[in-house]
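These protein sequences, in sequence, are chains A and B. The UniProt record's numbering puts the first residue of the first sequence at 1, with every later residue one more than the last. The UniProt record's numbering puts the first residue of the second sequence at 1, with every later residue one more than the last.
Keep in mind that a hint or two might mislead.
[As the list claims (entries may be wrong)] Just a few of them, taken from the derived set where beta-carbon distance is under 7 Å, the chain A residues facing chain B:
| id | residue |
| --- | --- |
| 1 | LEU50 |
| 2 | HIS72 |
| 3 | ARG76 |
| 4 | GLY87 |
| 5 | LEU100 |
[Unchecked claim] Restraint ranges, calculated between C-beta atoms of paired labels, are given here:
| id | chain 1 | residue 1 | chain 2 | residue 2 | range |
| --- | --- | --- | --- | --- | --- |
| 6 | B | LEU302 | A | ALA90 | 18 to 26 Å |
| 7 | B | LEU299 | A | ARG122 | 23 to 31 Å |
| 8 | A | GLY62 | B | MET122 | 44 to 52 Å |
| 9 | A | ARG113 | B | ALA311 | 37 to 45 Å |
| 10 | B | MET122 | A | ARG122 | 42 to 50 Å |
| 11 | B | LEU299 | A | GLY181 | 20 to 28 Å |
| 12 | B | ARG18 | A | GLU52 | 37 to 45 Å |
[To be verified] To be clear about the criterion: a stretch of chain B counts as covered by chain A if any three or more of its residues have a C-beta under 8 Å from a C-beta of chain A, and this derived list gives those stretches:
| id | region |
| --- | --- |
| 13 | 190 to 202 |
| 14 | 208 to 216 |
Source of the hints: derived by calculation from the structure; they are not laboratory data. Every residue, glycine too, gets a C-beta built ideally from N, C-alpha and C.
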Amino acid sequence: MLTVEGLNAWYGEAQVLRDVDLAVAEGEIVTLVGRNGAGKTTLLRCVMGLHERCTGRIGLRGDTAFGTRPAHRRARLGVGYVPDDRGIYATLSVEENLLLPPVVGPDPWSLPRVYETFPVLRERRRFAGTQLSGGEQQMLALARVLRSGARLLLCDEPTEGLSPLLVEQIGEILREIKAAGVTVLLIEQNLHFATTVADRHHLLAEGRIVESLDNGAVRAREHELLAYLGI
Amino acid sequence: MIRLFLRHTEPAGRRPLRYLLLAAGLLLALALPWLIYPPVAMDIASWALFAAALDLLLGYTGLLSFGHAAFWGTSAYAAGLIAIHSGLPFPVAVLGGALLAAALAVPIGYLCVRNSGIYFAMVTLAFAQMIYFVANQWRSLTGGENGLQGIPRELLGLDLSDPFVFYYAGLPIVLLGLWGLWRIVHSPFGHVLVAIRDNPARARAIGYPVERYKLLAFVLSAALSGLAGGLFAISHGFASLQEVNWTTSGKAVMMVVLGGIGSLWGSTLGAALVVQLEDYLSTAGFDGIGIVTGTVFVLVVLLFRQGLWGAGRQLGAAAGRARRRRPKPPAATEAAPVPTPTTREEAAWTPSPRG
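Can you make the complete structure from the sequences, with help from the hints?
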């Protein structure tokens, strides 16, 4: 689905990604784990075409020139991005937010299907985007990607700042997204949560992928990894 | 390619009030030449459309154009020339002017939309000054400093030189233009513009080519400014260099900010106030018009950041809240608008049967 080879990225003089190689297969959920500043968000922004200072090859479903296309073209090729601030438009209502992105995939969710899955969004469809709580905003952001029919979801810490109960619900949603055949590249600090939703994990440190682990390895080394992440 | 969807999406809000407001506005527009000096009424109508068209860029797309006189003025000259030389009915001349303004906006917009903020304002100003220079030099066409005189006002043999009569001939064009703008800002295309205004990178990331949308907004805004400018010139029977001067661009910006950015009602209100105030001061024989309008402008910007319309809306909303808060003795708890966050979030998501 997604292949990243030799990705380097800079902020001014500072190099934040060094020779990152990454492959995500169709239908997988893969997480990026790492401390703040490890380059996780930059990696997603490079894939989306939002970070200008980067070099390397990014391919999507055999399209090797994917990494050279402008951001709006990448989105149209079926990539949905949920940034860490959730990307909800304050001046648009919930429903307008849902309808804003163009349809980019073969199987977009209809509005009724979105509302059936997220009843709270139906209740609040006339509310301004930012009148929602953090959890509701996260649901709106995920629902918006599903409505657009994107086949690859790039998701930046969806559980950040949410109560355990809501984290559980986000997990349910991600599993449902996976069941719908959507591939997910997820940034996650919550290791326990990551093992409940994802297939594989990449540990990022100082701009490099230092380890790639499966769920079993993460569970076995949870204490060591937690200590490393400083959580 | 941009597909310009004009499927209407219902604006959220109090609908009955909206329709009441619309009816009152229409009634006022129809009664205007009875209430004030008819030529001033026509000026208000033209400027209202101009300000609203500028607001499509300033308020809805977040681009401050400081050169919209180029489109208003180009269309003023073009509509005048068409009316003088072809004898076509005046709406055709106005439409011709608007189309020329739109055509002019394509290359100008193409070069401008890559910039934003102050750079966008400066580049648009520079282009407008170029148009001013051309209009000033091309005397054989524009009359130079004498202006383009003797523009006829007629429609299918009907003489419309009476300003009172002309107002009713010109008003439908203005209303059509305003209606078009209203449809644009409430369409999905309008929502994309708002999305671009609020966060261009985010709009790009969900799949919209930001520059192309800005360009289309720019051209639409120029076309409607042209519609207003052409109508203005024909209503005066005269097009002068004033029409392409930077002060005209500035005046339109002032109207939008005064009335309230991001509201078509606000732009219309701002235009009415500025035109009426200038007319009042000049008939009173007062020389320093700029001092008064400037002072009013500064006061409004300092006191009402969202313009007069925004201030009025806030006042209305506050009054509404106060009314709702007034004790309704037995059912006081019923008014509690939303449950507490926790219960609300707990109910926020249930797995769908599709799983």
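Using the C-beta atoms of B:MET122 and A:ARG122, is the stated range 42 to 50 Å upheld? 47 Å, holds
Taking 8 Å as the C-beta cutoff, is the stated coverage of the region 190 to 202 of chain B by chain A satisfied by three or more residues? holds (count 8)
Take the C-beta atom of B:LEU299 and the C-beta atom of A:GLY181, compute their distance, and say whether it sits inside 20 to 28 Å. 60 Å, violated
Quick one: are B:ARG18 and A:GLU52 within 37 to 45 Å, going by C-beta? The hint (37 to 45 Å, Cβ to Cβ) holds, given that B:ARG18 and A:GLU52 are roughly 43 Å apart.
Could you check if A:GLY87 really has its C-beta closer than 7 Å to a C-beta on chain B? 5 Å, holds
Just to be careful: measuring from the Cβ of A:LEU50 to every Cβ in chain B, is the smallest value less than 7 Å? 6 Å, holds
Can we keep the A:LEU100 interface hint, with Cβ of chain B closer than 7 Å? 6 Å, holds
Per-stretch coverage check for the region 208 to 216 of chain B, three Cβ contacts closer than 8 Å to chain A: holds (count 3)
A:ARG113 and B:ALA311, beta-carbon distance inside 37 to 45 Å? With a Cβ separation near 42 Å, A:ARG113 and B:ALA311 satisfy 37 to 45 Å, so the hint holds.
Would you settle whether the hint for A:HIS72 is holds or violated, based on the nearest Cβ-Cβ distance to chain B being less than 7 Å? Holds - the Cβ of A:HIS72 comes within 7 Å of chain B, reaching about 5 Å at its closest.
Please check whether A:GLY62 and B:MET122 have a Cβ separation lying inside 44 to 52 Å. Given about 45 Å between the Cβ atoms, the range holds.
Can A:ARG76 be said to touch chain B, with a Cβ gap under 7 Å? 5 Å, holds
Of the numbered hints stated above, those contradicted by the structure are hints 7 and 11, listed in ascending order.
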